[in-house]
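**Student:** Mind assembling these two chains? They're in different frames, but the hints should get you there.
Note that the protein sequences, when read in sequence, are chains U and C. Everything in the first sequence is counted per my numbering, starting at 1 for the first residue and increasing by one. Everything in the second sequence is counted per my numbering, starting at 1001 for the first residue and increasing by one.
In case anyone wonders, no lab produced these hints; they're calculated from the structure. Among the clues, some could well be false.
With a Cα cut of at most 16 angstroms, we get these calculated EDC-like pairs of lysine to aspartate or glutamate [unchecked claim]:
#1 1056(C) / 126(U)
#2 136(U) / 1049(C)
#3 1161(C) / 264(U)
Take a look at the letters that make up each chain.
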Amino acid sequence: MFTRRQFVKAGVAGVAGGMLLPGFARPAIAASRGGTLRVALTADPLSFDPHLTGNLQGRGATQAIHDTLFGISETGELAPMLVESWEQPDNRTYLLHLRSGVRFHDGTPFNAEAVIYNIERIRNPDTKSIRAGEIKALDTIEAIDDLTIKMVLQYPFAAFLFPFTDVAGCIGSPTAFEKYGVGKSGLNPVGTGPFKLVSYSQDTETVMERNGDYWDDGKPYIDRLILRPIPTDSTRLTELETGGVDIAEGLPLQNIAPLREKADIIVSERVGFQWEYFGFNAKEGFPFSNHKLRQAFQWLIDREALHQAAYFGTGSIGFSGILPGHPFHDPTYRPYSFNMDMAKKLLDESGVGSAEITAYLRPEPIKQRAAQIVQAMAADVGIKINLEQVDYANHRAKLRSGDLPMDMHGWWGYRPDPDQYLNILLSSDGSYAEFHGYNNPAMDELFRSQRAETDQAKRRAYFRKIVEMMNEDAIYVPWHYSSDFKGLSPKVKGFRHAADSIIQYKYLSLED
Amino acid sequence: MFAFILRRTLAAIPVVVLVSVMVFSLMRMLPGDVIDLIIGQAQADVSEETIAALRKQYGLDEPIYLQYITWISKVMVGDFGYSLRSYQPVIDIILPRLVPTLQIGLLALVFSTLIAVPLGALSAVRPNSIWDRLGTAGTFIGASTPYFLAGGLLIYLVSLKAGWLPPSGFVPLTEDFSESLKRSIMPALTIALSLTAILLRQTRASFKDVIELPYIRTAYAKGLSPTMVMIQHAMKNAMLPIVTILGLQLGMVFSGAVITETVFAIPGVGRLLVDSILGRDYPIVQALVLLIAVAVVLATLFVDIVYGLLDPRSSRA
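Bound conformation, chain C alone (with noise of 0.2 angstroms):
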């Protein structure tokens, strides 16, 4: 198991520098930078001397790949330099910004799970069900509507119409408590939404599979009830392949906050990401996709072992 755990993570540095590569230089090739954008919004009369005094100072006359090198380089000794817009260390701005994004995904990524693993079950078990029907639907709806309206929704008839839920802004968990899952809840739904589809028909594929199976008939055989049947013998297998798409799902987790936090003002990376993109402040991108990579990279690498653990003939291939 080490050896696979060493391979699988070894294999993974050179995804890790390959997104890196492609993000730096792809950002680099969008017309515009910092400096339009800050002259731009104060629509002010700049010489072109402070322009280019501008971009010398922020390292923007140089070649494309001496700016990646410098940059990869500051970035092996934990320097990811410092913010275009905002001046403050690249590093200061990204992991506040962490804590709402981790939260939010993993209540969103609970939601999922809560909502689609019994359904999907039992969408399963009982096919042309009212709950299977119920499931076809929701997955319909859920794929197909886009985080900014499914936010827009909730904020509109949860905030606005009800009152139940403040619609937008973030307080930590260890601030309190209570206002903190306030706030979370729409966002976590929004981004659950799509999540809960996928998971659903997953499961449901899953479970399908695994109850046609003979050990399945004789469990039944030997006079078990339906839900033994399912907890003990099913649930085990019917659990491989949905461990894989939950491990998977962080990237959409990721992709769902970048919509999900500018509708509902959450300083979360999905935001900061939108905002620096559009900002050009290419140090927080670099460093954010990077982040975001590695993230991904690692959850796979994660459910790969989990998945080995389940089933050790996985590793051996």
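Only chain U is shown next, with the shape it has when bound in the complex (with noise of 0.2 angstroms):
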């Protein structure tokens, strides 16, 4: 039995987390079974077509559905889960042994044919799916046996299973799909994963049952999950002080340190959820074209103050884009300290003399905390920063236009591998990287050689090359990690907290 503070700690190391699927050993203790899971998700999931929907309860609602075709292990390696073997016969080349025996929730079998049915659905233009370009590598897929899918990509990519352990993994019945339709399949999912949906309500809750047929030995514990959207921070927090809900996600971060102190509340940590940076505007006519522009940032943003003003002290503050709990992240890498003296030095040496840029913020409260203090600092060495605040969809329809001297942003939500998202920030193709005017033909290859590597010493070591030419060209400047907060009931069993904050209902049980 852990107690609170151990299983904080715990969280911290990361052994809570992971992704962390079957074949993770743990000591056999006999989870209860039944009851109903009470969850305040801060969002409405919306839809639970895996291949359409986008944001996090979104993705953590249809992972309940569906089961992925892989999972990750607590070391971040690639787990089993649906495929339950894979070899790799060259570098372009993937063989996946199915798991025998599943069935979908209609009944209908779990086979090779559905694999390849779902991913040539993800493919498919009429789909208009966003998870598209998560797989745009792969060349061709086919059945070799009922069991037994042979994929090939256009070229090498080392990290390209890593997406099949999220939504764009998740397979559906390929029976309900075509009764549904693209439009409807969102509100009628129909997976082969540990719980059904019974009723879902916008903005009031998702109801699931178990899955008595699940493959999965003797899971899910519990009878019942309900998903709770509330959007209020306090209200959700309350709701959990109350025993309205079991769980509640998003933890206000102010009240992180007393709600530690509290008996009959769990809070776990995860740390290493998201990382945070400024990004920069490089195209011509912009005043951060000026690369010695940039570089001043580095030494003028003071991370230290930033970790505790903006987060309370909870995280880390960070220099890369790799996070804490990966296999890639070095804890040691620290290559800029807080030096108004470097930072005016590189100002003077710009030319720029004093600019005035406007920054667009989104409406989160650390974003703005952050950037008022990010504005001072500036101001000290004659940069002057206009707050102005937008919506998410007016923020991100300036990013993509091109137009944002200067973008507060963050990668919200781990990855399991760096290449899903450094790549679409730093590759002159990636979609991020043609926002900022970013186009540096020696990160390209070095890219490609991190994809065409499947030795993962020497993947970390171009990571480590990556991270450090982003730093020296400064597009975008990290400064921290931020920490994924839940409050538990004690009388919350197996919760795992996953790095990407998703959480696992199958292993989660509830006794007195």
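**Tutor:** Here it is, written out as structure tokens:
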């Protein structure tokens, strides 16, 4: 039995984390059966179509209904799930051996044909799946037999299988997809997962029930799962404190310290959930097309002050896009310190003199606090930053148009391989790199090299070079790694805090 | 009277059309659309071709006036389209959401009327008394407290500290009467706070005007008790402006619902409106604004009719 403090430490150490799937050995403790687990989410899932869902809540709910092809082990490696084992005969070919005896909720069999149907559905332009970009390296896919699939890539890509640990790898029943079509499949999901959808009422609740025929060893333990979207932080927390829900996600950071002192709530922390950066627009005509001006920000940012003020001391300061807990993360990599003299020197060398920049913020209190601090620090060296808050859609539109002079963003939500997001940000054909006007052939070459490499140590070395080049070019200036916090009632057992924040409901049970 | 009602009804139609055009254009002028939001949340690498195809599928690539014509011609036949985010028919999303908003709104109106009318009348009859001072202080607090603060305080004090009521969610009256009431009281009180402030000032002023009229003095001179004078003689005339305010408060109920339903996680039209604006879910925003505009216009019409019945001189004006 963990004490509350041990539980938190375990979360920090990542023992409770990983996305941790079958095969992850644990002491055999018989979990209680039955009961209804109520979870407070920050937003509504909106859709359960794995190929269309966008937000984190949609991804989480979709993964309760659909199993993914792969899982992630505690150490960040690919783990078996619907794919029981796999081989890589050469660096462009994969052979996947599927689990046998698995059925969809509608009784139809899970097999190679179903997997191919799903992947082709993502690739079909008519589906207009936002996941298509994640598997664009795929050239051909074919069934060798009923339970074996052969995938051949257009080019070597070491991180290719990782998207299949998330919604791109969720396999739905082809019969159901055909029956409901692209539009209505979102509310009529049929997977092989531990839970079946019973009812969905937007902004009210999503109700799921146990899949009694689930393939995985007597799981899940709870009978019923209720997901309630509660957008206001304080209300969500009060629901947890008064016993209205058993788990609450997105705990407000200012409440973390007092909550840890409470005996009737468990605070679970998973470090390395997202990284924050200041992004600059390097296109001609923007002040940050000047390399020295961008570099000055590496020195004028007091990361420790930002960490304390914006994050209430939670998470940790950071210098790269590779998050703590990842095998490629290096905690000793701390290339910059707060140094106003250095910042002023770089500014003098830039020849920019004084600059006035408008930074657009999304409606997030953390971003606002951080931006105000950076505003003051930049003012000390003569750079005036005007802050303007816009809503999410507007922010994205401005980012996409390439009109943002300065972008206070962050890669939100862990991805198991850094290629999955750094490529988008840094490769010249990545959408975010295009928004920021970033194009560095040397960087492109580094990405090509790490993708072709199957040796993990060599890939790690390549990513170190990528991060060093990112910092040197200072298109993005990383400054923080934040944690994911969840509040649990002590009666919730079996909780494993996944790095991507998605709750693995099949391991949870309720005990009084 | 029939001609009066007809005249007012016809006059309301252009107002509703104008509101729909304004909302339609303003929403489309905002930067960013539903596609931006979905892709932004997923932080995915989506090709320009896919974005263009999605825009085409949703009809977002057409000129605004064409989009408006398509929309309004469908609305005429009762088709409000599909939600851009959840692909459900708009009407199926909106109709169930009216129940919580109307239930809580009506409860708020009942609360505010029960508090404001007696207290306002008492303040008018006994100026500078403890009731009058209480009313003035209450008005000040009620009018100046934002909904999110009032709601947050209620949740903190009543749910967390006292443990009397559940902090959020909604249960329909038909499903579980007592649970429904428990979950409706705090949001209704939150909305009622500012309604009460306005209604109280109006009631006080209205009664004050009436009790100074000669016919009230006559009633007193006839030896009637103050209570009888108030109920039998002052009430009918004093209630005229109060009825007007009550009717117009329907708009305030909807605006109060926008924040209150978010704080209390109530699946009503207020929260739907906020989520849909932020999510650029145009079909829902358009349908909701049209619905609210029609409701406010109908409420105003209703007030006019009641006013006309209470004071026939007004319907001849």
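**Student:** Can you confirm whether the C-alpha distance between residue 136(U) and residue 1049(C) stays at or below 16 angstroms?
**Tutor:** holds (14 angstroms)
**Student:** Please verify whether residue 1056(C) and residue 126(U) have alpha carbons no more than 16 angstroms apart.
**Tutor:** holds (12 angstroms)
**Student:** Take the C-alpha atoms of residue 1161(C) and residue 264(U), compute the straight-line distance between them, and say whether it is at most 16 angstroms.
**Tutor:** Holds, at about 15 angstroms.
The structure is consistent with each of the numbered hints, conforming to all of them.
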